[in-house]
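> So you can see what is in the structure, the chains are spelled out below.
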Amino acid sequence: MINVTMTVNGREMTGEVEARTLLVQFLRDHLRLTGTHVGCDTTQCGCCIVHVDGKAMKSCTMLAVQAQGKAITTIEGLAAKDGTLHPMQQAFRDNHALQCGYCTPGMVMMGIDIARRLPDADEATIRHQLEGNICRCTGYQGIVEAIKSASAVLNGKQEGGSHA
Amino acid sequence: MHNFNYHLAADVQDAVAKLSKSEDGKIISGGMTLLPTLKNRLSAPSDLIDLGNIDALRGVVVSKTEVTIKGMTCHADVAANADLQRVLPALANLAGIIGDPAVRHRGTIGGSVANADPAADYPAAVVGLDGVVETNQRRINGDDFFISLFETALEPNEVITAVHFKVPDAAHYMKFRHPASGYAVVGVMVARYGKKVRVAVTGAGPNVFRVPAMEAALEQNFAPEAIANVAVDADDLLGDMHCSAEYRAHMVGVYARRAVAAIVG
Numbered sequence: 001m002i003n004v005t006m007t008v009n010g011r012e013m014t015g016e017v018e019a020r021t022l023l024v025q026f027l028r029d030h031l032r033l034t035g036t037h038v039g040c041d042t043t044q045c046g047c048c049i050v051h052v053d054g055k056a057m058k059s060c061t062m063l064a065v066q067a068q069g070k071a072i073t074t075i076e077g078l079a080a081k082d083g084t085l086h087p088m089q090q091a092f093r094d095n096h097a098l099q100c101g102y103c104t105p106g107m108v109m110m111g112i113d114i115a116r117r118l119p120d121a122d123e124a125t126i127r128h129q130l131e132g133n134i135c136r137c138t139g140y141q142g143i144v145e146a147i148k149s150a151s152a153v154l155n156g157k158q159e160g161g162s163h164a
Numbered sequence: 165m166h167n168f169n170y171h172l173a174a175d176v177q178d179a180v181a182k183l184s185k186s187e188d189g190k191i192i193s194g195g196m197t198l199l200p201t202l203k204n205r206l207s208a209p210s211d212l213i214d215l216g217n218i219d220a221l222r223g224v225v226v227s228k229t230e231v232t233i234k235g236m237t238c239h240a241d242v243a244a245n246a247d248l249q250r251v252l253p254a255l256a257n258l259a260g261i262i263g264d265p266a267v268r269h270r271g272t273i274g275g276s277v278a279n280a281d282p283a284a285d286y287p288a289a290v291v292g293l294d295g296v297v298e299t300n301q302r303r304i305n306g307d308d309f310f311i312s313l314f315e316t317a318l319e320p321n322e323v324i325t326a327v328h329f330k331v332p333d334a335a336h337y338m339k340f341r342h343p344a345s346g347y348a349v350v351g352v353m354v355a356r357y358g359k360k361v362r363v364a365v366t367g368a369g370p371n372v373f374r375v376p377a378m379e380a381a382l383e384q385n386f387a388p389e390a391i392a393n394v395a396v397d398a399d400d401l402l403g404d405m406h407c408s409a410e411y412r413a414h415m416v417g418v419y420a421r422r423a424v425a426a427i428v429g
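As they're listed, the protein sequences go chains A and B.
Residues 1 to 164 (this note's numbering) make up the first sequence, in order.
Residues 165 to 429 (this note's numbering) make up the second sequence, in order.
Just so you know, these hints were derived from the structure itself, not from any lab.
There's no promise every hint is true.
[Unchecked claim] Keeping only pairs whose Cα atoms sit at most 25 Å apart, straight-line, the calculated PhoX-like set for lysine-lysine is: (1) B:Lys-228 x A:Lys-70; (2) A:Lys-70 x B:Lys-182; (3) A:Lys-55 x B:Lys-203.
This one's a predicted model, so the numbers in the text were calculated from it and none came from an experiment.
Next up, chain A with everything else stripped away, as it sits in the complex:
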């Protein structure tokens, strides 16, 4: 067994894992942060996306030991302490960007990543950027609209959200 320490949603977390333990297993099974989902377990669906040192990565295709010393943000780390949703979460709610909700954590985490990297992304760019995130029920229309509107808030181009 190997000891790992990483910062998860701003708190230092330590655990004992096997070398083969995936980051998503560490988050879900060891830390009980079950907001990060496993959809395909084959690096395709994006349900498991978290931020590692500020970049969107698929936590089903990364070992927990590879996250040693890194800063991880999961869907649980987005809302403010008083429960105010992150602008991306709020935009998903406002735009009906989810139905069953299974892909949503990954979509929200990728949406924030897109807003950071490509502040001027148009609809076509957002759709291309979502090619590693698969939704199998409600479709992408609302998701794309949510990312577009939240990106405007996060990049200071539009009023709204409390802690953009």
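Since the structure of chain A is already known, use the hints to place chain B on it.
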């Protein structure tokens, strides 16, 4: 996934030492192919030696004549490099259409080249842009690097430290992207160096290959119509559930012409 011993290498020397000491060890760089392979139990190495902490293996160096990408540079960093976009946009664009954005944040050039997947994009650049693969031991010409399906000239204890590309007068990479996997069904890199032309094809055969007949025709007349009648033999190409070898052979011609057309505008 079978368990293994995990080692974080301090530097390349350390990685090589740990690799040679292990019973059946493997280097892990981005892990975007290796980890899915281990999950499917298609491979069960005794040890994984991780290059992830070696900062000296990250970076893109661009000069007027040569581009060097260090082995652990992720695809997203290659795609977003402003100097590269200016000097050799074909290479930046190629990196920007590998996999998906989350995969591009972890997948590396060294890993891609060492794995030599027949449908990977980087091999088309290594061969098409007259590349050189640098390891801890030597420099290997791109033309001599890819041997066959998932097989390269790398020796067991050899680690890729960088890949060098010669800056062409003009180049374009045209890819028929598999809509589900993002891999190249067919990908063609066309590059012009003075009077010399290189045409490198990935996705279509067991490993990347050049098309000398197209290169000769384009050296006479650099225009799409110059290669309209150059047939590619389907015998050596891959046929699978997605499309036949004949279809891939046809697509090599189509994508080569489109790449030339994109260059001549």
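> A separate judgement is required for each hint: does it hold in the structure or not?
Each hint tested on the structure:
1. Only pairs whose Cα atoms come within 25 Å are accepted, and B:Lys-228 paired with A:Lys-70 is rejected, the gap being roughly 36 Å.
2. A C-alpha spacing of about 24 Å is found between A:Lys-70 and B:Lys-182, which places the hinted pair at or below 25 Å, so the restraint holds.
3. With a C-alpha separation of about 24 Å, the suggested pairing of A:Lys-55 with B:Lys-203 holds against the 25 Å cut-off.
The earlier numbered hint that this structure contradicts is number 1, and it is the only one.
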